[in-house]
Amino acid sequence: MTQQKKARRPSSKTLPKALTGIQGLDEITGGGLPSGRPTLVSGGAGAGKTMFGLEFLVRGATQYGEPGVFMSFEETIPDLTKNAASLGFDLGRLVAEKKLFLDHVAISRHEIEETGEYDLDGLFIRIADAVKRVGARRVVLDTIEALFGELPNPGILRAEIRRLFDWLKQQGLTTIITAERDRPDKLTRHGIEEFVSDCVIVLDHRIREEISTRRLRVVKYRGSTHGTNEYPFLIDEHGISVLPISSLGLDHTAPAERISTGIDRLDGMMGGKGFYRGSSILMSGTSGTGKTSVAAHFVDAACRRGERCLYFAIEESPRQVVRNMRSIGIDLEPWVRKGLLQFHAARPTYGGIEEVLLLTHKHISSFQPSVVVVDPITTLLMVSTLNEVRSMLTRLVDFLKTQEITAIFTSLTAAGGDLEANEADVSSLMDTWLLLKTIEVGGERNRALYVLKSRGMEHSNQIREFVLTNDGLRLLDVYLGPEGVLTGAARMSQEGREKAAGTFRRQQLEGRGRELDRKRQIFEARMTMLRAEFEVEEEIIQQSISESKLLDAELLQDRGQMVRSREADTSAYKKVGSAPAARKR
Amino acid sequence: MPTAKTRTRTQPRKPAPRKPAVWKLRLYVAGQTPKSIRAFANLKVLCEERLKGRYQIEVIDLLEHPHMARGDQIVAVPTLEIKLPQSVQRIIGDLSNTDRVLVGLALQQVG
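As you go down the protein sequences, you meet chains A and B in turn. Residues 1 to 585 (our numbering) are what the first sequence spells out, left to right. Residues 586 to 696 (our numbering) are what the second sequence spells out, left to right.
Pulled out of the complex, with its shape left as it was, chain A reads as follows:
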C-alpha cells in the first residue's frame, strides 16, 4: 500500500499496463501486467498462485478502482475467503460493496456423461454475467486447467479455453490465468501457455538448507522490458511483496546535507559536520567495542531532530538495547513512546535471508524512517553465504539510498580476525566506515575508534580513544606515544608526564623572569654606586683644581714681591715656571 506511489508508471508507450499493487512486482514489470490481456501465472503446488491472483484483484478493487471477478475452479468460496483473510483481505466486504465477484466452478467428472459435442458457453456466460454485475476490469481464473480433469475430450477443452482467452482479450479484461506446474520442463500441465502469448510469470517455492524461499520470475513479457532475474517474494499478513534485486540501479540522488552523529567530537572527525544524509555507514568492531552505543547516539540525535528511526535489533531484544543504553545515559524509551523510534527484533534464522530483507523493506516502507540501524549484519551470515548477504545488502543499501535514508550497519568482527579484511566484501557498498577496536596495551583493553573511510568529505585519520561514561560516549584527546596512539593508563601517565613537564617549564620561565628582575636591580644598584663614586671624585677634582688656581695666584704674588724686593731679572723667573718653587713653599 505504501509502495503504491513508488510503482512507476508504464515505461512503454505502446503497451498499456495495469498496476498490480503487489509490492515490488510493478517495479519489475515496469508498471504492471499487460492491460486488457491475459497473463499466465504458473507454479507448483503451494507456490502462491491463488494468493497472487487474489491480491491482484483486491488491490485493483481497492486501489485502482478496477473491480474484479475471481473464478475459482478448485477452492470453495468460504475457503477462499478464509485464505484471503490471512493476507489481511476482507473479501466478504468487497463482495458486499460490489467491487469483487467470487464464483466457484464445481464440477465432478463422475457425474458427467459426455454424449457429443459441447462447448464452454456455460462458463462464458457465468464469467460475462459476473463481469457485468460488478463492472469488472480484472479477472482471475484459478486454475482453469482443473477442467481437464473434470471434463472429457481434451481437444474440445483446449479449443474452448483458447476461445475463452480470446474472448477475455476482446472484452479488454486484464486476466490472470493460473496453472499448475508439475514438471520443470513445462510451464503448465496441459500446455495452455501457448494461448497466452503476452506475459508469463513463474512462481516457485523451494527449500534449501531447511529454509524456504519463494521466488518469482517474469519468463516472458511481450512488448515490454522486464526484470529477468528470480526475485524472492514473501507472503504474509499484508499480502505479497516481491523484491527487485537490481532494478533500482544507481540513479539515486546524493543529498549534500550533513547530519550529526550525536557525538560532537566524532562530528569533528568528519569535517565537523557528521554523516551525509542518505549515506550508508558500516561500523565494524570486535565484540564489546561499543558499536551499539555509537549507533544509539546517532539514533538519539536523530530523534532529537524529530526524525523517525527504525532499529533492527538482530541479536538483542529491544528492551535489552533500551536498558543497556540507559546505562550510558541515553534514554531511548521516550522516543519509542513518542513513536519516533521503532524497534524490530528478528532472528534471521527464523525465515532466511530473503525474508529478513523483505521484512526490512516492509517495515521501512510502512514506517518511513529517515534513519535505519541494522545491528548487526554479521548474524545474517549464519543463515546464508557471504555472496547472498552481499547481494542482499546491495539491494538494501540501494533501496535505502533511493529513500534518502541514512543507515548504520554494525558488523561484528571475530576476535583476533583481521578487522579490515573481514568486511571488505560489503565495505565497498558503504560510504563511511567506522572502525571500533580495542587496543590492548600494558595489561588493559581500551576502546578506540577511527574513520577508515568516508566518501566525499574530509575526515580525521587519527585513532581516537573513547570511554563510555554515565553521560554517554566521550572521545578523548589524542596522545601519541612512540608506538602509536596512547590509551588508558598509558595515556593517563602520558597526560601526567605532560602535566609535570608543563609545570617545570612554567617554573623555569618564572625563574628566569625573576633572575632578570634581580639582574636589573643589581644593575641599577651598581649604577647608583658608580654615580655616587663619580660625584665624590668629581668633587675632589674640582676642589683640587680650584686650590691649584689659588696657589698659582698666590705664588705669582709672592714672586712679584720678591722681584720687587731683589730687583732681579723678572723675565728669567717667569721662564722657569712656578710649580716646584711653589711646592717648596
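If you are wondering where the hints come from, they were derived from the structure by calculation, not from laboratory data. Values in this document were obtained by computation on a predicted structure and should not be read as measured data. Even for Gly, the Cβ is constructed at its ideal location relative to N, Cα and C. Among the clues, some could well be false.
What the hints assert, rightly or not - Label pairs and their in silico Cβ distance ranges: (1) A:K82 to B:L636: 41 to 49 Å; (2) B:L636 to A:R133: 16 to 24 Å; (3) B:P619 to A:D79: 32 to 40 Å; (4) A:R162 to B:P670: 32 to 40 Å; (5) A:R222 to B:E649: 33 to 41 Å; (6) A:R162 to B:P619: 17 to 25 Å.
Dock chain B against the given chain A, drawing on the hints supplied.
Below, chain B without anything else, positioned relative to chain A:
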C-alpha cells in the same frame, strides 16, 4: 456410482428410476445454436421412443437466465439435468451418442 454400462440393470439402485410417473428433464443451452438445436432434437426423439407420454423437457436458455448457470453449476453446454427421478448425473454434449445418453439417464437396459 457404477460406471459399467450394461450391468447396471442388476444393481440395487435400479428399481428407483422406474417409478416416476413423469420424467422431468432440463436442458441448458446458450442461445439457438446448431448444437443446442441438435441436442433438443436428439432428446426429443429419444424421449418419444422411451418415455412417451411421461416426460417433460424444460429448456433453459442461459443467455436469458445467466444467473442459473452459476446457481446450477453449468459449465459446458448443452447440459441435460435429470430433475426427476432425482439424479446428480449430468449429460453434456449434443446428445448425439444415444447409448451414452441412455447410460446417463440409466435407461440403457432397454437398448
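For each hint, the structure was consulted:
1. The hinted range of 41 to 49 Å is satisfied by A:K82 and B:L636, whose Cβ atoms lie roughly 45 Å apart.
2. Taking the beta carbon of each, B:L636 and A:R133 are about 38 Å apart, not inside 16 to 24 Å as hinted.
3. Between B:P619 and A:D79, the C-beta spacing of about 39 Å keeps the proposed range 32 to 40 Å intact.
4. The supplied range of 32 to 40 Å is met by A:R162 and B:P670, whose beta-carbon atoms lie about 38 Å from each other.
5. A beta carbon spacing of about 39 Å between A:R222 and B:E649 agrees with the range 33 to 41 Å that was offered as a hint.
6. The hint said 17 to 25 Å for the Cβ distance between A:R162 and B:P619, and at roughly 20 Å that hint holds.
Consistency with the previously given hints fails for number 2 only.
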